[in-house]
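Colleague: Residue numbers (our numbering), protein chains in the order written: chain A, 496 to 626; chain B, -15 to 289.
Quick caveat, the hints were computed from the structure, so don't treat them as lab data. Among the hints, a few may not be true.
Said to hold, decoys possible - Think about it this way: if two alpha-carbon atoms lie no more than 30 angstroms apart in a straight line, the pair counts; the simulated DSS-like pairs of lysine-lysine are:
no.: 1; chain 1: B; residue 1: Lys232; chain 2: A; residue 2: Lys598
no.: 2; chain 1: A; residue 1: Lys605; chain 2: B; residue 2: Lys176
no.: 3; chain 1: A; residue 1: Lys617; chain 2: B; residue 2: Lys257
no.: 4; chain 1: A; residue 1: Lys556; chain 2: B; residue 2: Lys208
no.: 5; chain 1: B; residue 1: Lys222; chain 2: A; residue 2: Lys556
no.: 6; chain 1: B; residue 1: Lys211; chain 2: A; residue 2: Lys607
no.: 7; chain 1: A; residue 1: Lys593; chain 2: B; residue 2: Lys176
no.: 8; chain 1: A; residue 1: Lys554; chain 2: A; residue 2: Lys518
no.: 9; chain 1: A; residue 1: Lys598; chain 2: B; residue 2: Lys244
no.: 10; chain 1: A; residue 1: Lys579; chain 2: B; residue 2: Lys211
no.: 11; chain 1: A; residue 1: Lys547; chain 2: B; residue 2: Lys244
no.: 12; chain 1: B; residue 1: Lys211; chain 2: A; residue 2: Lys598
no.: 13; chain 1: A; residue 1: Lys579; chain 2: B; residue 2: Lys283
no.: 14; chain 1: A; residue 1: Lys593; chain 2: B; residue 2: Lys245
no.: 15; chain 1: B; residue 1: Lys248; chain 2: A; residue 2: Lys617
no.: 16; chain 1: B; residue 1: Lys176; chain 2: A; residue 2: Lys535
no.: 17; chain 1: B; residue 1: Lys257; chain 2: A; residue 2: Lys605
no.: 18; chain 1: A; residue 1: Lys607; chain 2: B; residue 2: Lys222
no.: 19; chain 1: B; residue 1: Lys221; chain 2: A; residue 2: Lys605
Here is what each chain is made of, one letter per residue.
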Amino acid sequence: MNKIHPAFMILLLVVLAIFIDIKKDELSKNIMAENRNVSKLNIELKNISLLKNRWLNSKNKIASIMKNSTYNGVNFTQESFKNKIIIKADNMTPNQLKTFANKILNSYIKIKKLQITRNNHKTSILVEIEL
Amino acid sequence: MFSKKDVVFIAKDNHIKLTKRCDVILSPEFYWVLRKKLPVKTVRQARKLCNSIFDDILPDGKYIFKAVKDGAYFLLFAYDTSFILKNLEKIGIDINMISRVYFAQNELSGDIAYSLKDKIFVNNDGIFTVVPKDLFDGNMQNIDDIKFEKLSNIVFPIDRYNLFIDKKSLNFIIIILMIYISCITFELFIYKNDLNKIINFKQSLYAKYNLPSTSWQIASIERKINKINSDEIKLRKKIYKILTLKLKPGEYFTNLVFQKKSFKFTIKLNQVKKAEEIKKQLERYFTIMHAVVLDKDLKMELTYE
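Here chain B stands alone, though its shape is the one from the complex (with noise of 0.2 angstroms):
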């Protein structure tokens, strides 16, 4: 009968099967309330009197309270989630299908009497109370005939998961993993930063060394280098190779003139046949150009690779 509907009226004991997800209106049945006047201003410090004020009034459970201004009063109410949820089920209701909770205290006008079923809804004092229909006989409307078109926007949360820590250890969890992920956000940032101070210092390498950026720049000046490091080595051994030529006393460089990988030189030869053995030390260093001994002067011209 409220499968039209998307807000339903839920009594005790009331079997209802829910078709499709809704909003419930939970008769007094599910909840305690009470409505006081209170030497504080505010819903939250009438909140935190709840505990002292229902502590006497309620069974073994583990409740939620709740305040509501009401004029100069305050509505408090105490509900104890897995009461309410044992009780649905138990009329067979899908929890899942619930898809917000309000209390006929805020969603039911005070003026007349409700009914439902063999029960009375009734005002007593602004407080709804259940009343067998027996016990009534004035005037009352029936709930089925109710569109509750426009809700109150006090919602009572259930848990409905029904987990095995409380919702205060929730939240603190919630306020420790929200500082951790700051701490690691922090310390993102602070890394990114990092990251940036190094590209910067290795652009700055370049500058630093007075070298260009690019890589194939980079690459043309170290072949020019090493051309240049590689032929003046060269030229440094060949040298080497001449004026280390094995030469007997009173032999001697007259002249040497070297340029443009070529080297020539005269030698003054005690003997005319020690050309011949100067030809062999220098022809595996060398390309032998011009060799010439005359009158014991030996004249070469040399080349290299």
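Same shape as in the complex, but just chain A (with noise of 0.2 angstroms):
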């Protein structure tokens, strides 16, 4: 403290306060700007994930369509490949084929082959299902 003014000491103290201080709103910006990038990649990440996962699962998809009370009568085989489900429904009743038919065109399920056919009052439809 003797070989340094104190007057002089203040102006180095104040000069290096700014510095800091400059730094600190430096900072400070970047965590803002940063805490907006996360946020907006958080929420495109997030659609992204969702829209993977829109198309994977087919075969639970399919398992729950088949599943419902109203295809009494109806005769479900399934065929399980590698890469590919088909199922076939006999003896459906055009109701029945209308509510099938709907649900696996509004489920998210790659359809790769959709065959219907009728026969007199009853008709059968196979559809062939990407994994």
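Two chains, two separate frames, one set of hints: put the complex together.
Modeller: So this is what it looks like as structure tokens:
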């Protein structure tokens, strides 16, 4: 303290305080910007993840569609392959066909093949689903 | 005469011009000094007593006190910075040319007397005092002949800037500033920590959603998903167009097959001319590859882009 005059010391400290304050301000702005980026990124990644998962689990989805009690008397057969499932439903009434087709078309299931055949008043439907 | 020296002895009313920056030794005329035995051990404690010891002695002024240990005694100094500066200016000394200030008491040897023009500096009971030359007839040495090569380390700080606030207040401001700087530095570290946390959280998001961390990989996934979405939505719209064809009672699909963007179906019609109407309904949305009516059965093959 004998070597440096207090007034000069004050000047140095003020300069140092201003410098730290500027750095702090910059950092604060960076934090705010990063916060905004993270929020935006979170929403983006969430959406992508949702979209990505939307077309998965086709097996479960089709199983839940077939479980419906309105398909009384319908004969379901299912063949599973590595990358696809083939569902065949025989002896469907027009109403049952309408319900089944609607549910398939309103689900996030990748349809590879759809085949509807009417024989007198009974209808059969074949759906090939990509896994 | 002192221009070649780095150390200059300065007495009151002795005009000197300093040509370079140097240390100065002030004669006893510039300060007050007492040599006392005190019931304290440290210089710090002795300094605290200075104010009361000098109380009745000193004329009005703003004094700085300093204590120096001298065997069993303490040398107690009192000096008024503004008085020193005023007198230095009076004898033509540029204050800015002064580097460090020493007092004659600590720099002169106590054995002999020293002379400077018409003044003699004599040691009287351990204290150097000034007497006129006429009143002294003992041995003396001219101060101009002394080379002050080795000075004591007892320096007396002089506030040459004459600020409107005293040193105590300045020190207080320094402490406040240091506390403030400590606070904002601490805050700065907290901010840095927060920023690191945010960056780490950002990285963890990719793992949370099971996605790759590079933007081009995400863009590729997005493109792939969007293509699946648009293809599947388009397919459903096309199926809807076919299944919502305006058919009359008694008209119905006997079969319908969709595979690889191609529809093949057969519709049982009541009248053959209905086939044209159906074709017109569908050609807006599909490319008709094949259409034929056989025994009121309309067989069609359609594709779309």
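Colleague: For the pair supplied as a hint, B:Lys211 and A:Lys607, is the alpha-carbon distance within the 30 angstroms limit?
Modeller: Distance of about 15 angstroms is within 30 angstroms: holds.
Colleague: Straight-line Cα separation of A:Lys598 and B:Lys244 no greater than 30 angstroms?
Modeller: Within the cut-off at roughly 21 angstroms; holds.
Colleague: Quickly compare the C-alpha distance for B:Lys232 and A:Lys598 to 30 angstroms and report which way the hint goes.
Modeller: With a Cα-Cα distance of about 25 angstroms, the restraint between B:Lys232 and A:Lys598 holds, given a limit of 30 angstroms.
Colleague: When you check the alpha-carbon spacing of B:Lys248 and A:Lys617, does it fall within 30 angstroms?
Modeller: holds, 20 angstroms
Colleague: Please work out if A:Lys554 and A:Lys518 have their alpha carbons no farther apart than 30 angstroms.
Modeller: violated, 56 angstroms
Colleague: Holds or violated: B:Lys211 and A:Lys598, Cα atoms, limit 30 angstroms.
Modeller: Holds, at roughly 22 angstroms.
Colleague: Sort out whether B:Lys208 lies within 30 angstroms of A:Lys556, counting only the CA atoms.
Modeller: holds, 21 angstroms
Colleague: Does A:Lys605 sit within 30 angstroms of B:Lys257, going by the straight-line distance between their CA atoms?
Modeller: violated, 37 angstroms
Colleague: Are A:Lys593 and B:Lys245 close enough, with their CA atoms no more than 30 angstroms apart?
Modeller: holds, 22 angstroms
Colleague: Does the alpha-carbon distance linking B:Lys221 and A:Lys605 stay inside the 30 angstroms limit?
Modeller: Cα-Cα ~14 angstroms, so holds.
Colleague: Please work out if A:Lys607 and B:Lys222 have their alpha carbons no farther apart than 30 angstroms.
Modeller: Between A:Lys607 and B:Lys222 the Cα gap is close to 14 angstroms, so the pair holds against 30 angstroms.
Colleague: Between A:Lys547 and B:Lys244, is the straight-line Cα distance small enough, at 30 angstroms or below?
Modeller: Distance ~23 angstroms between A:Lys547 and B:Lys244 Cα, so the pair holds.
Taken one by one, the earlier hints fail for this structure at numbers 2, 7, 8 and 17, listed in ascending order.
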